[in-house]
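Listed below, chain by chain, are the residues.
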Amino acid sequence: MRYIVGVDIGGTFTDCVAIRTSVDGLLPMVKIGKSSSTPPDFQTGFIAALRTAAEVHGVGLDEMLADAQVYHGCTVGTNALVEHKTARVGLLATRGHTDTVFIMKAGNRLKYLPANYIAHVAKQTKPEPLVPKSLCEGIDERVAFDGAVFAPLNEDTARASIRRLVDQGVEAIAISLLWSSVNDAHEKRLRELVLEIAPHLFVSISSEVSPRVGEYERTIATIVNALIGPPMRLYLEALEIDLRTNGYTKSLQIMSCTGGLIDADYAREVPVLTVGSGPVAGLIGAASLAKAAEVGGGRNVITADVGGTTLDIGTVYDGTPVRRPTASYGQYEYFVPTLDVRSVGAGGGSIVRTEGSVLKVGPHSAGARPGPVCFGRGGTEPTVTDAAVVLGFFDPTYFFGGKITLDTAAAEAALARVGATLGLDGKQTAAAALQIIDSQMADAIWLTLTQQGHDPREFSLYGFGGGGGLHGAAIARELGARSVVVPMSNLAAGWSAFGISASEALVTEQTAMSLSSPFDPDEINRRWPVLEARVAEKLVKQGVPADAVEFHRFAEMRYQLQINQVAVPAEGGVYDAAAVERLVATFETEYERLYGKGSGFAGVGFGLTSLQVHGTAKLSGLRVGDLVQQGADAASDAAKKPRDVIWYGRDGASETTSVYDGVRLGVGFKTPGPAIIEFPDTTVVVPHGCTAGIDPTGSVVIDLHAAA
Amino acid sequence: MASAATQIDWNGRTHSYRPRPDWRDRISPRLRLHTTYDDNLDPVTFEVIRQKLWTINLAHGETITRISGSPLLASLDFNMSILTEDAEVVVNAPYVQFLNAGAPLGIRYILETHAGKPGIDEGDIWCCNDPWIAACHQMDVMFAAPIFVDGQLFGWVANAGHQYDLGGIVPGGWPQNAEDVYSDPVVLTPFKMVERGELRTDMEALYLRQSRMPDLVALDLRAQIAGVVLARDQIVGLAKRYGADTIKAAMRRMLDQAQESFRQTLLKVPDGTWTEIRYLDEALPGQRTTQRTQLTITKKGDRIAINNAGTDAQTPGTNGIPFTSFSGSITGIISVSMLYAQLFAYGGCERQIDYDLTPGLLLCCDYPTAVSGGILQTIPMMNAVQSILSRMLATDDTLRPDLVAPCGDFMLPVLIGYDDRGKYFGQAILDSFGCGSGARSFGDGVDSSGPTFSPLSMVLNVEQIEQWFPLLFLYRNEDADGGGPGEYRGGNGMRSAITPYRSQSMTVVTNSGGQCISAQNCGGLFGGLPAPAGHYLVYYRSDLLDKARSGIMPASIYDLTAEHIVPLRAKSNGAPLDAGDVMEIRTGGGGGYGDPLLRDPDRVARDVDLGYTSADAATTIYGVALAPDGVVDIAATDTLRDRLRGERAAWRASGVNDDSPFIAATGAPSQRIHAYIASVDQDGERVLACDRCGHRYCGHGGDYKTAALMDDAPATAIPSNVDPAHFVDEPIVLRRFACPSCHVQVGAEVTKANEAVKAEMVFA
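The listed protein sequences correspond, in order, to chains A and B.
The first sequence maps to residues 13 to 720 in the working numbering.
The second sequence maps to residues 13 to 776 in the working numbering.
Bear in mind the hints are in silico, worked out from the structure with no lab data behind them.
None of these values were measured; they are calculated from a predicted model.
Even glycine gets a Cβ: it sits at the ideal position worked out from N, Cα and C.
There are no misleading hints in this set.
Partner residues are not named here, just some residues of chain B that face chain A (Cβ under 7 angstroms, in silico):
| id | residue |
| --- | --- |
| 1 | Asp227 |
| 2 | Gly446 |
| 3 | Thr464 |
| 4 | Pro467 |
| 5 | Leu468 |
| 6 | Ala560 |
| 7 | Leu622 |
What follows is a list of derived Cβ distance ranges for each label pair:
| id | chain 1 | residue 1 | chain 2 | residue 2 | range |
| --- | --- | --- | --- | --- | --- |
| 8 | A | Leu606 | B | Thr213 | 22 to 30 angstroms |
| 9 | A | Gln572 | B | Asp214 | 27 to 35 angstroms |
| 10 | A | His96 | B | Met215 | 57 to 65 angstroms |
| 11 | B | Gly128 | A | Glu602 | 41 to 49 angstroms |
| 12 | A | Phe412 | B | Asp641 | 53 to 61 angstroms |
| 13 | A | Pro541 | B | Gly298 | 55 to 63 angstroms |
| 14 | B | Arg561 | A | Gly181 | 33 to 41 angstroms |
| 15 | A | Thr668 | B | Pro681 | 58 to 66 angstroms |
| 16 | A | His96 | B | Pro413 | 23 to 31 angstroms |
| 17 | A | Asp254 | B | Gly249 | 53 to 61 angstroms |
| 18 | B | Met215 | A | Leu606 | 22 to 30 angstroms |
| 19 | A | Leu606 | B | Thr47 | 39 to 47 angstroms |
Please work from the sequences and hints to get the whole structure.
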């Protein structure tokens with residue numbers, strides 16, 4: 013395979029990374045193609061980005077695609093949800109439990125919302141239902157927690173329910189019955205009935221989408237899957253036709269929020285796996301870099317992906333990204349095996365304002381439209397980006413590599429208007445805003461790590477996205493982190509696409525259990541082969557040779573009277589009593605590591621709640637860390653004209669600061685702070701008292717503790 | 013403050029502890045307090061520190077839930093706070109609001125009483141569950157850690173969390189049949205659980221010895237300790253980094269801002285007196301009596317005064333609440349309705365509150381009243397506060413959007429028994445956390461929103477509950493007509509039904525607040541109706557099993573037939589449930605706002621279509637006629653509404669003379685002070701007049717209720733309400749008030765029939 017091609021579709025741009033591999037003895041070569049995104053027909057922008065990448069490699073698109081593997085980060089599902097352009101979905105749920113999706117576990121729906129919303133009860137509300145009440149049908153059937161059938165499936169009333177939905181023109185049906193995670197017979201039979209009546213419908217069943225205990229989150233996952241099933245089907249079919257027309261013959265691999273690639277057929281069946289895969293790609297890239305090269309000095313990494321509206325926080329512990337079992341869509345929480353990426357409302361577009369005599373930044377954002385004041389697109393409320401340009405961190409003529417010219421004066425005037433009530437001028441307000449947002453970002457990360465049971469001092473911080481380089485060092489200092497890495501700064505725009513290309517194939521299968529200790533080894537032994545066969549089948553379909561599949565087993569357990577569930581690695585082979593004991597011991601050790609010494613109560617035994625198998629296989633074999641910086645030595649003209657920068661926390665006066673053209677810096681370059689390193693798509697800020705250098709992967713690494 | 017109040021010895025022994033104005037003078041000089049602060053704190057550092065204190069407090073809570081792993085603490089039945097050295101609450105959390113009220117009281121008690129001996133030292137952690145000192149009831153145990161910086165007491169961090177069991181005559185700690193505190197869970201006055209950083213194993217053993225479930229209580233103990241340790245150490249770190257005086261300046265400023273924000277809100281409200289009456293049923297299980305509580309808040313300038321006069325004296329039984337819960341109800345509801353911008357930093361608002369209280373009444377009861385089971389009576393109390401604050405907010409156009417009618421009351425069924433594997437269980441079903449919230453001045457309450465006083469409290473998944481207890485949830489539905497009707501209706505609660513599954517034995521113990529089983533869940537506002545009562549309705553030997561076997565599942569209790577149908581009482585001790593028996597729990601909705609006849613007919617049609625309002629209520633309460641296809645028949649609706657409004661013309665006058673003092677016209681513009689009443693100049697006088705037709709009710713300082721037409725209807729006039737006569741002997745009615753001229757409904761309340769008409773809002 014000569015080309016590894018990663019494509020990441022964002023709201024504004026479609027980014028493509030095309031790596032010519034070293035198959036023919038040449039050095040690997042990385043090229044970036046970019047095109048505007050083209051909603052709703054995203055495949056058009058996709059092909060356009062591929063074409064520009066092929067051009068910079070000096071080949072035709074047909075030629076490149078004929079010998080390429082294409083990896084795709086797909087936001088079509090996410091966009092459909094955000095823009096409410098989803099399918100008309102009907103829900104079949106156990107009779108008496110269709111209201112679960114309206115009740116939303118009461119106050120639990122507010123769990124991830126900002127504090128000021130939680131505190132203001134007069135403003136609270138519930139979101140529009142995902143499925144209108146008229147399209148929710150109760151099904152006569154009931155399975156109990158032990159899998160026993162309390163009431164058999166009543167096929168007559170079920171058929172009538174299905175017909176009512178079909179008559180109302182549903183395009184997809186979500187089926188979620190109580191305890192289907194333990195006994196899926198009724199769900200499967202219901203699906204047969206639906207397809208008998210309406211063979212064309214997209215049908216999504218909860219025991220396949222997300223077989224976990226907890227009907228609310230499982231049902232929402234199934235509904236979300238059904239909502240985006242039809243649009244996803246349309247998109248992928250159109251894209252595959254376009255790719256085939258342009259000479260592509262292999263299967264298309266799609267990024268999933270699980271942290272690996274799945275094939276397009278599987279993505280069509282379980283499109284909910286693609287929701288939220290965007291931020292996951294950056295985290296995968298960071299994990300790849302940390303694992304392969306220990307860039308930043310270790311395998312523990314916090315990722316801070318600073319975009320226009322949000323900061324996405326991820327964690328890599330010992331080279332492995334931290335996972336979680338749920339994701340959120342507004343106030344809706346649903347089960348999906350995902351990497352743990354949390355968004356907080358802090359980014360370049362965060363609005364600077366006053367509330368009484370207090371200066372506040374965010375969580376509201378000016379977004380892309382109207383955007384910051386300095387963009388000159390009609391924005392009147394100053395943002396973090398305005399503050400950064402006023403302080404001198406951004407070159408107004410070299411933002412996005414000069415694609416946008418920033419109006420510094422307008423930004424300063426807007427900041428001055430906000431600061432006036434506090435007696436601050438524009439520059440002082442800018443410094444204050446930056447200090448506040450850096451502190452908020454650090455607090456959010458600290459809270460995330462505390463929740464995960466980690467100590468930030470054992471981590472490096474990887475900052476990426478448009479603002480990762482601006483805020484990274486300040487956040488890391490605040491946290492006491494070891495170092496800051498702005499990964500592959502010169503290719504920053506392609507960072508997500510790199511992550512996608514570096515991902516492995518990953519398929520996860522799980523089965524809900526309800527075992528009490530001592531666990532019956534036979535019960536466990538019966539499950540593994542079934543799960544592994546299902547995983548292998550999917551991966552083989554994905555194009556992976558059967559013998560290349562690696563299985564990783566996990567058992568999710570808890571102390572019987574406590575609610576924290578922990579998934580721990582489980583050994584291979586056949587289980588006997590001793591293996592079960594070893595599993596329990598692993599759980600106890602991991603529980604203590606996460607929740608603290610003596611925090612588990614073993615007195616009444618253990619519960620085994622699910623078994624999971626992750627199947628992985630190498631795809632591109634690309635390791636992000638192996639891509640060395642092109643062009644060896646620092647060019648002598650890398651230093652640009654120094655400029656005046658105001659660094660907050662000092663005396664407020666501007667200081668002349670060295671500025672470097674990052675593109676012209678070579679591996680081994682080092683500079684003490686204060687300094688600014690500019691790349692076409694990102695600006696790296698190096699504060700006082702630390703040293704920045706370019707490492708062999710082309711990443712800027714800032715040592716926070718050593719002045720050069 | 014009344015002179016009688018100053019003579020009462022509020023020392024935490026018989027009467028609740030309340031710090032006297034000179035309490036600081038009694039702190040032993042051995043303890044050095046950090047009282048200095050940096051006058052020149054800049055606004056940026058302030059905002060940074062404020063955010064950090066908020067984050068530290070959240071991490072405090074996370075630490076508790078993580079380490080404990082307890083389902084109780086995971087459902088957020090706890091709260092945590094950061095306080096100054098003299099125990100003003102600087103940061104509080106969005107969990108159960110009244111729980112933290114004990115911290116400022118308990119810590120001041122410790123400062124006054126124990127600073128000399130045994131002394132308050134660095135590394136200590138104090139524990140207390142005495143309801144007359146620091147706990148809302150014994151089950152919510154407080155842990156408080158002093159924060160020392162450079163040898164001076166800089167501040168405190170504290171939490172209060174619900175325990176599995178701490179003894180007493182009923183497992184779980186809600187003994188409704190406790191005649192006095194000696195049948196309650198154990199009472200522990202403040203003691204050091206941790207001394208200079210070392211856990212006192214002697215005290216730990218003594219503490220755990222009180223519990224039926226010592227191992228789990230031990231875990232929660234460690235979790236609560238770990239929480240305060242984390243928060244304390246983080247604040248010490250902040251003080252080192254920014255300087256103690258800087259952090260203290262930020263804390264003081266947060267308090268000052270909360271105080272100022274509260275003051276500004278109060279200044280927008282005209283001076284006056286607001287009163288709420290609430291009845292509490294059966295002091296002891298089986299009693300067919302109801303007791304009266306009265307809460308009066310007088311607002312003058314930028315201060316409010318709280319009075320409990322008119323409340324019945326405490327009796328044997330569990331209807332009393334101590335000062336901790338009483339004051340917590342007030343600050344808790346202020347936090348979510350007047351101080352939301354301050355993110356629960358309610359310490360500053362306490363500076364503006366005076367209490368003029370008589371001890372020994374049900375509100376503010378004395379030792380040794382039973383109080384553990386009475387914790388549920390804090391909810392009707394909070395609902396009373398919510399009604400009063402909402403009426404205050406209604407008097408100003410800028411504040412009115414923040415008002416919320418009360419949410420559903422609390423029902424706590426506890427299931428006790430053994431499963432078919434011989435395992436004991438004893439746990440509450442917390443479906444009341446799916447109650448509806450009250451209506452607002454601009455829109456309906458939120459259906460199954462969760463309680464206003466604890467915004468994050470949740471309803472657990474059915475599958476999670478079925479994993480733990482031998483039962484099946486047959487259904488859990490949004491409840492039609494559960495919220496009080498109104499121009500904007502209250503949010504509906506839920507109906508859930510359970511049946512034993514693989515149980516050896518199962519009995520139900522019921523615990524309920526106020527009159528939420530006999531008469532109403534909560535009041536409405538300004539002519540909006542109260543929400544109907546909930547129920548625990550048992551269908552004994554139903555046809556469930558036969559139906560299920562043939563593939564028919566009930567979606568409503570009315571889909572079943574049974575040999576006996578028994579509504580359980582508000583308080584009961586052990587109704588057995590066997591296979592085939594089904595219990596439906598109907599949890600509360602929120603109160604309505606405004607006259608139901610003014611509700612947009614299309615909203616009524618939509619609610620009927622979605623099952624949120626019954627077709628019957630649409631006609632009889634809302635006066636909306638729907639065509640067979642569900643669309644509003646406009647002409648028929650107009651006719652029906654005219655007829656219903658016309659019926660109010662026959663309502664009677666109160667018979668109470670308007671004795672409002674003459675207040676001359678002020679020249680000020682008309683100001684709405686109620687959904688349909690304005691303060692306005694009329695014929696040279698400042699009067700309260702109908703905002704719709706101009707009818708003069710009374711002078712500006714009068715009581716519009718006594719000047720209105722009134723009518724006593726059966727409580728069952730509230731759609732789907734029960735007949736109170738099933739449960740209490742005293743006649744209870746729905747009393748409604750209307751404008752004598754245009755007949756818009758301006759008031760509606762559930763009251764004892766012999767209760768005199770009582771003003772709800774009178775301006776000074």
